[in-house]
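**Student:** Knowing the structure of chain A, use the given hints to seat chains B and C on it.
Residue-level listing of the chains:
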Amino acid sequence: MGYADNMSESVSYERLVFKNASVYHYMKIYLILDSDDRKFNAAHFKQIVISALRDLYGEIGAAFPFDVLKFEEDTLTAVLRVYNSGLVKLWSALTLLGSYHSEPCAVRVVQVSPFLLALSGNSRELELD
Amino acid sequence: MFTNLEKCPRNLLICEKSSFLNEKSRHATHVAKHFFNYKVSVLIPECGIIPSGLRSVVSSFSKYYLLKNLPVYKLLEEEFLEKVVKKGCLYALSYKTRIDQDNTFALLPTGQVILSVDKDTYEELGLEGKASQYNHRQPMRYVVTIDLTDKSMAAGGKRYKRVMWALQEKVQLTSDFLLARYSTGGDGEDLLQSFFSQYSSKELRPSISSQTFKNLLCPSLDPTDLRGDTRSCDPQQFLEWLGAVTMDISCNNEAASFVSAYCCPEPQSSVSQALLCTTTGLLLPEDIHSLLEELRRYFDEPRFTSWLSVTVHGFADSPVSWGGTEHGFHKGGENFYTFVLFKNQDYWLHMATGANDGCPP
Amino acid sequence: MSNMAAFIDLNISYTADKKRLQNIIETAAHLGYSTVAINHVVDFQQKKQEVGKPKCVSELFDQFPIVQGKSRPIKVLNRLTLMVSEASHFRTTNEFKLYDIVAVFPKTEKLFHAACMSFDVDIICIAVTEKQPFYFKRPPVNGAIDRGVFFEISYVAAIKDSTMRRYTISNALSLMETCKGKNVIVSSGAEKPLELRGPYDIANLGLLFGLSEAAVSTKAAVSTKSLYSCPVCMELQIKHAL
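Protein chains in written order, with full-length UniProt numbering: chain A, 1 to 129; chain B, 1 to 361; chain C, 1 to 242.
The set of hints was computed from the structure by calculation and includes no laboratory data.
Computed from a predicted structure; not experimentally measured.
It is possible that part of the hints are untrue.
The calculated DSSO-like cross-link candidates involving lysine-lysine, where the alpha carbons are at most 27 Å apart (straight line), are [to be verified]:
no.	chain 1	residue 1	chain 2	residue 2
1	C	Lys70	B	Lys130
2	B	Lys74	C	Lys70
3	B	Lys202	C	Lys70
4	A	Lys46	C	Lys160
5	B	Lys87	B	Lys151
6	C	Lys70	B	Lys68
7	A	Lys39	C	Lys160
8	B	Lys63	B	Lys33
9	C	Lys70	B	Lys170
10	C	Lys192	A	Lys46
11	B	Lys33	A	Lys19
12	A	Lys19	B	Lys24
13	B	Lys63	C	Lys70
14	C	Lys182	B	Lys130
15	C	Lys192	A	Lys39
Chain A with its partners taken away, still in its complex shape (with noise of 0.2 Å):
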């Protein structure tokens, strides 16, 4: 996907350009419930997330590879990896994630990107008032 043009000025430098060239996005989300005392570890999160790709892609979406990067039992806060031809039916799987065992459920996305050292620097955090 890259290419380079080495400039005939200088013997170090050196410039490459790549487009697309992330295999990855990276979503951060969080889970919220009706109950606020539901607790669970980070496997147990990305079961939920596996189920919720089963019941919207099947078998095939159950199987799609991503990472639970991180995950913050306290505010059920998550940091999701996923190639990006599974995005789309990631986050809509997520979208369609209504109920967790049948109390009412829905996942928050808070930014989506394809580097992950964009979602350290979200400037729409920054409160000032």
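**Tutor:** Just chains B and C now, kept in the frame of chain A:
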């Protein structure tokens, strides 16, 4: 039917390798042209406490102001133009305006005012502009650029009067603004305050935080191998790792682990500690340049690490990214750059943008 | 007169439970919606149904919730939706004027045709809780598009139940084959805060319904209300004398 479901918005990553000692190095230009910066994070491997030089540079970053309900025309008033804008180094960006939904404004240090507005506002304003590059079939957003350095915009002139009339009488565009002026002397800040004393304002300092990570895996980087053929990991992997460390994501997983298979890219080495120092606010390119100069001096003394990095995140809702290049949000509005500084004064510069952005310089 | 480009959700279910309604609107503001419409449904199949006067929205809050990431409060509109199974059910009355938006949910092909071609409405609702009971024919659909009437798919049923999810997607895809993505809006129909989703979630979900994100298409004025709108609630524009 579902081919759409596999597609993703485009993104760009530009990677440069050069040396600070190279006369033609463009690092200073790249920094200077990325006007609106929200966050800077410095990562220094094998470092436990914030070096005093670094601390003093970040704590001397320029202060900035939050002005409430400021009419845009105030930025164009004759006295303000003469006494402040034309002296340069003035940065203003509308605050809490979302570029994917709202009218958004910026005043660049180069003397251009950018109004990124919806179609109705554009039509009411009646000022010359052009359709946003990131419209779909039908233009919904327009960008008006007013060049205050242009002769035709001389105060009192016909065009100047027309612009002022549009912004005062036709549609009084108003917004909260973040405003800062870089000055080496002390005059600039008082000057700003005197102009906006009638508006509710808040003086702010960039906020600084730092943390130390213990025993982490760290990619080994060789300045000659930017592409990541053998002696370094590739730039995407490096940036991913940097993101992982910054967000305290575990980098120690196996391919077979259920929750996450993410691991630190190779070649790698183990470091006993690393320092992350983060500054947030409206951060000026001039200050970031000073930071970069200070970090170059970090290697004046012998260090265990051969590299350190600085990441600068732009405002997601700024109407420009680098220079006057139009910036949009699409799904994330990402625009950031990362310098990797090496012991021998070589550096790498990674510049990244999302779907609604031009190519970085 | 106010002008803005914004994310809007034109279908928040009305409930007499004021607290709940407040909660939904607060959540909508938090998710970034600048405007929502409270939907009052009148179903003529049920007895003693008549179009009443909507509650004045200003009574809902002393201070309207601030839209996430902005410094301005959310706008709340009143919407009327008529469930129509017989032609006699649809009579334009003076009460219509009390609502900012009028929608119709035609139950038969004949009524769908009439709604597309002649009813003075802004929105035609598409079934999401059952299999589409009649065909979407091109002439009425095009007629509606020409008149600036919008088709609405609401997503709440798809969240609540997997069978209805199938109906929702299936009916949306059938509609899309006929209307080519023109004049389609996606709204929530939410009765609870947890049933709402964010604007970008819906833009992404629209892909399942066969809407392309790039197909944020022809900006058309919705009948007399001069409501500017596009599919997927993306870059929706509303121009209202509020």
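**Student:** For every hint, state whether the structure bears it out.
**Tutor:** Comparing the hints with the structure gives:
A hinted pair counts as satisfied when its Cα atoms are at most 27 Å apart, and C/Lys70 with B/Lys130 qualifies at roughly 25 Å. For the hint pairing B/Lys74 with C/Lys70, the CA-to-CA distance comes to about 21 Å; that is within 27 Å, so the pair holds. For the proposed pair B/Lys202 and C/Lys70, the alpha carbon gap of about 18 Å is at most 27 Å, so the pair holds. Between the alpha carbons of A/Lys46 and C/Lys160 the distance comes to roughly 21 Å, so the proposed pair stays at or under 27 Å and holds.
Restraint check: the Cα-Cα separation between B/Lys87 and B/Lys151 comes to about 16 Å, which is no more than 27 Å; the hinted pair holds. Taken as a hint, the C/Lys70 and B/Lys68 pair is honoured in the structure, with Cα atoms around 12 Å apart against an allowance of 27 Å. About 23 Å separates the Cα atoms of A/Lys39 and C/Lys160, which keeps this hinted pair within 27 Å; it holds. Distance hint between B/Lys63 and B/Lys33 is fulfilled; the C-alpha atoms sit about 20 Å from each other, no more than 27 Å.
A hinted pair counts as satisfied when its Cα atoms are at most 27 Å apart, and C/Lys70 with B/Lys170 qualifies at roughly 23 Å. Straight-line distance between C-alpha atoms of C/Lys192 and A/Lys46 comes to about 25 Å, which keeps the hinted pair within the 27 Å bound. A C-alpha spacing of about 22 Å is found between B/Lys33 and A/Lys19, which places the hinted pair at or below 27 Å, so the restraint holds. Straight-line distance between C-alpha atoms of A/Lys19 and B/Lys24 comes to about 26 Å, which keeps the hinted pair within the 27 Å bound.
Pair hint B/Lys63 plus C/Lys70 holds up; C-alpha atoms about 23 Å apart against a cutoff of 27 Å. Taking the CA atoms of C/Lys182 and B/Lys130, the gap is about 26 Å. The hint holds against a cut of 27 Å. Proximity of C/Lys192 to A/Lys39 is assessed by CA-CA distance (about 23 Å); at most 27 Å being required, the pair is judged to hold.
Against the hints set out earlier in the document, no violation occurs for any number.
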